[in-house]
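Novice: For chain A, the structure is supplied; the task is to place chain B on it using the hints.
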Amino acid sequence: MATNNTFITVEQMEAATDALLETAKAVGADTWQQRVKNQTPHCKFGEEGICCRICTMGPCRITPKSPRGICGCDANGIVGRNYLRFTAGGAATHSDHGRNIAHTLYLAKPDGNYQVKDPEKLIRIAKEWDVPTEGRDIYDVAHEVAEIGLMEYGKPFGIQRFLKRAPEVRQKVWHDAQIEPRAIDREVSQSMHMTHMGCSSLPEALVRQSLRAGLSDGWGGSMMGTEMSDVLFGTPKPVDTTANIGVMEKDMVNIIVHGHDPSLSEMVVFYAQDPELIAYAKTKGAKGINVAGVCCTSNEVAMRHGIPMAGNFLSQENVVLTGACEAIVVDVQCIFPALGPLSKCFHTKFITTSPIARMPDSDFIEFHEETAGENAKKIVKMAIDNFENRNPDLVNIPNLKTTATVGYSTEAIKKCLDGVTNSHVDTELGTTKPLIDCVKAGILRGAVAMVGCNNPKVRPDTAHIELMKKLIANDIIVIVSGCSAQAAAKAGLLSKEAKELCGEGLKRVCELVDIPPILHMGSCVDISRMMILAADIAKDWGIDIPQVPVVGCAPEYMSEKAISIGNYVVATGIDTYLGVDPYTKGGPEVVKLLQGEIENWVGAKFIVDTDIEALGDKMIADIEKKRAALGI
Amino acid sequence: MGLFDRVFRGSDEMYFKAESELNQVIAELGEDAPMTMPDTAYFLACIYAYLGKKVTKLGELKEALGELRAMMGRDYHTKAIFDSGIATACCAEVIEACKYARTPNPYEGTQYHGHFADAEVRELGVPLVTRDIPGFVVMIGPAPSVEEAVETVKGYQSRGIFVFLIGGIIDQVHSAGMATGFKVRVVPVGADIWSVGHVISLVTRATMIFGATEPGDADAFHRYTFDRIFAFVNAYAPVTDIVVACGAGAIKMGFPVITNDTDDMWAVPKSLIINTNTKDWIETSLEARDIKIKITNIDIPVSFSSAFEGEIIRRKDMQIEMDGSRVDCLELVQTKEAHDIEDHSITLEGPDFDAFEFGSKIPIAYVVEVAGKNMQTDFEGVMERKFHSYLNCIEGVMHTGQRDMIRIRVSKASYDAGFRAKHIGEVLYAKIKSEFEAVVDKCQVKIYTEPEKVKELREMGNAIFDKRDERLRTLTDESVDVFYTCIMCQAFSPSHVCIVTPERLGLCGAVSWLDAKATNELDPQGPCQIVPKTRMIDERLGRYEDVDEAVNKYSHGALEHVTLYSIMEDPMTSCGCFECICGIEPMSNGVVIVNREHTGMTPLGMSFSEMASMTGGGVQTPGFMGHGKHFISSKKFMKAEGGPGRIVWLPKALKDQIAEHLNETAKELYGIDNFTDMIADETVTEDMEELYTFLTEHNHPVLSMEPLM
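So the sequences go chain by chain: A and B.
Just so we're aligned: the first sequence equals residues 1 to 632 in the numbering used here.
Just so we're aligned: the second sequence equals residues 1001 to 1709 in the numbering used here.
The following block holds chain A by itself, in its conformation from the complex:
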């Protein structure tokens, strides 16, 4: 068993990965490290966003000699269209996840596979949506709320219900900027429509729709996913767990859950604890069943059950390369198709479960809400049966393991903050005021929301980890989600001991509130939690969100979802710092809008800098600038 390390460096992780790559070489497996080499250099036109293949007249590529496509669209139009389509892809993905969760809630039954675990939160949402609750069966309420939620995707009139959660001044900004999202599917469809051959090529219109599509995700589909997941599976509370590849257990059946949708993983976790199945695992020579997570599925089960976090996006092949993975069970999003061929080099079962994510070389066990229990049980049993097929000569679990405290939902953060109020002075509980006081006094300088994926263009995890260390050393509290959160967990930065890396102000706050300096808020759909937190801070403070000394940062992002997120974070009024270029360099007007003029619409903009150190300096300067503007 791996011993716990307080902090783990990127170098230690890389050394462990190198050892695993040796195994890969020995078994003839292909890995992303090799494929990156094969794909480099990348297509320059693609990178700059100036390749258009929206119609079959092309593909058209913009060069100084051919400044327009065949239809006459210029570089800015092409870049703008590509950018909007990228956003729409992300918004669709997150929102569809949210829809599935809403659908699961609709199917929840007292004696079914899924129940209402947080009725209090359900009632809160019901009241927000004017659903009667008095004297009603909680499941009736659940079904009505779920149905209303599902309607948010296609309703013919009106705007997203959750927008009302924002400060009034922010709602007005959205209205005036004409970016209030209507039905979620409509924003995605309209984005596709606008970018169809012969529709929009005006950068301003394309960027405006990008913000609107983004908002339909962040304040629509993602928020739905988060809120209804909480109702179904419980609102996260601080829970201790372990992280990094060393959480895999040599003598146990290792089941890795990977993807994003908690509906499946919740069931797998449940059956992995089933005494009958544990006994069965023992008959197969294993000491027990160990479920660990990768990617956002990991975040979901870690923050609700303390399930160990094996790794993030670019660790997904590593878990198989340990030779100790009996099954890698995936749902949707961010799953490498490479896992199929890779699993074939080992005994590992690669189990796909969603019709949305079908892949070659996998065992497909279609997962239905109605038969979730059976499906999960079958998967766990399959993994147990596979234990005896393990080749002990290939087993190498690197001795890297940290501890982490995860599960800081907005509700949990407020609860922690209640702990430092004084009942003789603070009349109200459940607010963000203690945090605001720390910021006003200067004990904390501000906050940064660190999110997003890994990307081989950035030395994996380095930007996340180094930026976090820099920020906390400067008394800036960090909230994290998604693969950024796991980078932090892997490095030990989600442990309470990480206070030792902080400036004195943040360290004191950590001690008094009893929190780590970096707060794990969940998976990537849970960035909606961050939006609610920012909105609540602004409301408690009596200012608009752009004035709050808080910025967002995705230093290693790679997916369409991340760009959709970026759009809604900026539209919410939070400056967003990117460490990877979003394929817009070829369209100077688009760049000017995204990294400049949209500030006039929404009070925030994008800042792109691939120099990570500089990115950090700029964030700190931005926070100080916001402080100065507030006179604090």
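Since the hints were made in silico from the structure, they are not lab data.
It is possible that some hints are incorrect.
Stated by the list, open to error - Straight-line distance between alpha carbons at most 27 angstroms, and here's what the computed DSS-like set of lysine-lysine pairs gives:
1. B/1386 - B/1467
2. B/1336 - B/1361
3. B/1017 - A/470
4. A/414 - A/237
5. A/414 - B/1292
6. A/626 - A/433
7. B/1442 - A/625
8. A/605 - A/44
9. A/433 - A/625
10. B/1636 - B/1533
11. B/1017 - A/496
12. A/344 - A/25
13. A/237 - A/496
14. A/433 - B/1292
15. A/415 - A/496
16. A/618 - B/1079
17. B/1629 - B/1652
18. B/1336 - A/433
19. A/457 - A/44
20. B/1017 - B/1062
21. B/1183 - B/1079
22. A/626 - A/127
23. B/1467 - B/1183
24. B/1079 - A/626
25. B/1292 - A/415
26. A/499 - B/1079
27. B/1292 - A/496
28. B/1053 - A/433
29. B/1017 - B/1183
To be verified - Per the computed footprint, the stretches of chain B lying under chain A, defined by three or more beta-carbons under 8 angstroms from a beta-carbon of chain A, are:
30. 1257 to 1269
31. 1272 to 1281
32. 1411 to 1417
33. 1573 to 1585
Heads up, the beta-carbon is just placed ideally off N, CA and C, and yes, glycines get one too.
Specialist: Then chain B, alone, in the frame of chain A:
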């Protein structure tokens, strides 16, 4: 102006004041002039603690001041205000030290206390551990009115909180005639904000004494004060920049500041709390520092708090007195059958206090009868010895002595407030029931003031005491099956473990083997754990495998070996609140013992403070050992090195106190009569050579013993 700028400005102000004071005193006395604070072994304690510098000359103080200036960062991160705050507190110490450079007692004849002696710091050890003092408040005033000042200070006092007063609030409480002083736990420290340096000096010394914190390791000091010293600050408006800067230091140390000043003030949760309702400060403050007061609701017409323990009642203020040396008196606990006791029955046989004239001496006996399934007669004495502290906590009641030799005075003020004989019963009942709830199921108190009856009871009591003493005499380390640990002090001294045996009580003097046994019985998971004594390694040294295992376990690995009877080989450690310290005297091969109350020199050339600083905080220092007074006359006292016959010097007061028992022991061990006559004291000499002459003249047994080293 932000909070940071206020701290920066205030720390500049304190620094420049310190610089100018120091320059002035150096101009007067020169850089080579000595710089010592009285009755301390810790130099200028703040500077020693935070900078690791031992200042002994004014020139060195100047160097230290330079370092303090360098600590005062000016960037907008919390570290800068925290460091500036600590440096500000140290500058306050410098300003005050300049006064002591000129004269050893600059506050003599004033209403201010100024510097605290090491002995005072050590005196706080036990009450802190037992939570009799649940916390400290530094009040920087004036309060909005005299009445409020008194009310708030009394409010703290009644909750046992130790109060330090700085500034205008001192005049306020004195103008209302309030008694102040270390004994009543309300100390008027000084008129100016820089007198806060004395409070921080006390705090840093407590940290060194009880926490064995390494001077210069500032982080360790901050950790200790944050985790273990429950202090806080009450700063009344107007709060100036210099107070804000001191506040930053306090907050760094973990002490929240509560203020009613709203002008340019910035609330920080649990650290800087703005509450304009000053009448609500006590509860606000206790909540801010997470201090929970153990409330004993006792139905008596006056206050009940540990703060009144040190209260002296003078004859002129005394309504009535019970004095065992003049009239018959008795206090006694007796175990009864449960059916013989009516719980909470309090009876008085004889006249009540009303029947006597002002200033009368009256006989009294109070018998506390208890019953309980787990009650043992051995606990009777344990309970009885708590009566002293219980009755002393009553406002306007002073109690001394024990058994039939007690003296109780009741003040006129408390009498006028309605305090009568039955209230003694209420207090004893409430305390016994709450503190001994695990063994006492039922309790009743019978009070007698009829002279004949009291006389009769006294005789009965003495027969019981004789029996009890006989039992105690048979209690030896050999006759019992187990010893006990005592780790009550670990809240303050995390790596110290006492091993309590029948012949070696805890070094604080407060925990005998029977006490430890009772404590174990009352709380089996508590501080007193059973140590079996089945695996002896060395009888002479008192070395047991079981003891080593216990100290290892309960010191969390800090200690490996402890002997019970040697001060040279793996001596038992000390927390810091020991009653006495003994150290070897190399010329005679004997030991010198000095008690905490003795402020003078010893033939070792060291005072109590200096000797005490050699050990404490769970550190083993062969040749030095802290211990309780009663251990001196034990046959096991440094038995490995030849026993109490090694004692060559004792302060006179201590010698007189223990003479009877020590002489008995010496007679038994060495066949010597009046052994204490052979032991020197401060009236004989404080000089090592003269001591040797004295010992030779008196044919002290140490001279024929083996060399110690």
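Novice: Now tell me if each hint is right for this structure.
Specialist: These are the hints, each one checked on the structure:
no.: 1; hint: B/1386 - B/1467; result: 20 angstroms, holds
no.: 2; hint: B/1336 - B/1361; result: 31 angstroms, violated
no.: 3; hint: B/1017 - A/470; result: 37 angstroms, violated
no.: 4; hint: A/414 - A/237; result: 11 angstroms, holds
no.: 5; hint: A/414 - B/1292; result: 24 angstroms, holds
no.: 6; hint: A/626 - A/433; result: 18 angstroms, holds
no.: 7; hint: B/1442 - A/625; result: 69 angstroms, violated
no.: 8; hint: A/605 - A/44; result: 25 angstroms, holds
no.: 9; hint: A/433 - A/625; result: 21 angstroms, holds
no.: 10; hint: B/1636 - B/1533; result: 16 angstroms, holds
no.: 11; hint: B/1017 - A/496; result: 41 angstroms, violated
no.: 12; hint: A/344 - A/25; result: 14 angstroms, holds
no.: 13; hint: A/237 - A/496; result: 15 angstroms, holds
no.: 14; hint: A/433 - B/1292; result: 25 angstroms, holds
no.: 15; hint: A/415 - A/496; result: 17 angstroms, holds
no.: 16; hint: A/618 - B/1079; result: 22 angstroms, holds
no.: 17; hint: B/1629 - B/1652; result: 13 angstroms, holds
no.: 18; hint: B/1336 - A/433; result: 59 angstroms, violated
no.: 19; hint: A/457 - A/44; result: 14 angstroms, holds
no.: 20; hint: B/1017 - B/1062; result: 13 angstroms, holds
no.: 21; hint: B/1183 - B/1079; result: 37 angstroms, violated
no.: 22; hint: A/626 - A/127; result: 35 angstroms, violated
no.: 23; hint: B/1467 - B/1183; result: 36 angstroms, violated
no.: 24; hint: B/1079 - A/626; result: 21 angstroms, holds
no.: 25; hint: B/1292 - A/415; result: 21 angstroms, holds
no.: 26; hint: A/499 - B/1079; result: 14 angstroms, holds
no.: 27; hint: B/1292 - A/496; result: 26 angstroms, holds
no.: 28; hint: B/1053 - A/433; result: 42 angstroms, violated
no.: 29; hint: B/1017 - B/1183; result: 32 angstroms, violated
no.: 30; hint: 1257 to 1269; result: holds (count 4)
no.: 31; hint: 1272 to 1281; result: holds (count 6)
no.: 32; hint: 1411 to 1417; result: violated (count 0)
no.: 33; hint: 1573 to 1585; result: violated (count 0)
Violated hints, listed in ascending order, are 2, 3, 7, 11, 18, 21, 22, 23, 28, 29, 32 and 33; each of the other numbered hints is respected by the structure.
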